[in-house]
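All chains should be modelled from the sequences, with the hints used to inform the complete structure.
For the sequence shown, my numbering gives the first residue as 157, with consecutive numbering after it.
It is worth saying that the hints were derived from the structure and are not from the lab.
With a straight-line cut-off of 30 Å between C-alpha atoms, the simulated DSBU-like cross-links for lysine-lysine are:
hint: 1; residue 1: K463; residue 2: K450
hint: 2; residue 1: K208; residue 2: K194
hint: 3; residue 1: K469; residue 2: K419
Derived CB-CB ranges, DEER-like:
hint: 4; residue 1: G363; residue 2: T284; range: 53 to 63 Å
hint: 5; residue 1: K405; residue 2: S255; range: 50 to 60 Å
hint: 6; residue 1: E209; residue 2: T470; range: 45 to 55 Å
Every value quoted in this text rests on a predicted model; they were computed, and no experiment measured them.
Even glycine gets a Cβ: it sits at the ideal position worked out from N, Cα and C.
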Amino acid sequence: MIESKKNLLNPKFDRSDDFEGGLRPKTFKDYVGQKRTKDNLMVYVEAALKRKEVLDHVLVYGPPGLGKTTLAMVLANEMKAAYRITSGPALARAGDLASILTGLKKGDFLFIDEIHRLSKTVEEILYTAMEDFAVDIVLGKGPGAKTVRLELQPFTMIGATTRIGSISSPLRDRFGVVERLDFYNNDELELILSNSARRLNVEYEKGALGVIAGSSRGTPRVANRLLKRIRDFAQVEASGKIDLTITRKSLESLGIDEWGLDKFDRELLKIMVYKYKGGPVGLETLAAATSEEKDTLQEVCEPYLIKMGMIEKTARGRKVTDEVYKVLDIDQR
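Printed below as a string of structure tokens:
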């Protein structure tokens, strides 16, 4: 059984990431990376402000940890608007969403994370809310039931998802802006890390931040999480300054290598090489072989391994590439 993927390199948010609230950028000026998306959104915001209108509804998708929530907050701040944050699983009943929508003021933002997990009943309320700024409420039951329409103040919906294909077409078509977030390059991550280190009052060597960036899987959340852990090592086992020596020692202690792979990634790749001769092998088979959830493999492990060119998807399943044999130092013969 492989150690669970719920660790430092998991890009999903957990309670230990609460410190990130103080590290999030508040404006486009401070927002690093995603240049195409940011440039487009800056145009839409400026146009809406000039027309004194609310911003059109925005759908942002991409792997977890890339800044979808942060981008929603930046948009609200740039529009000088208040915002409410919730998630698809939290909106279990139609009344939950209706109470939030009726409480919004003109120009407010509503951010729904994991919007692909909305129930069908709740999703249908969004149709008229987003299109007509109204909510239809059914009062009573049986033959005496009647529908009452509640008018809403014009608002902006920001939806975020890691699975855009799981969002129904009627809901997706109601978003006027659809943008994808991509993995960050090392230069962008290094800039994010330097900003975070400054806000955390941590001394550092520039070369050390480059090593951390290279091990962060192209994900700002992972980069900040590693920075926090390496800061602990630096304060306890060194002078408190993050230098190359303590950075490499810390990453070794955390089981993370220069490619950003951890113990789980390496064991997964070894199982594919040794047990299944490099593949192709089905996702469910891999989940059983690793004693891990299929969704974890698909959402946490695969995106980065595919980006790094170590795994490729085929019609018959997943298979490793020649790069894996070099990384794991395995004789391919």
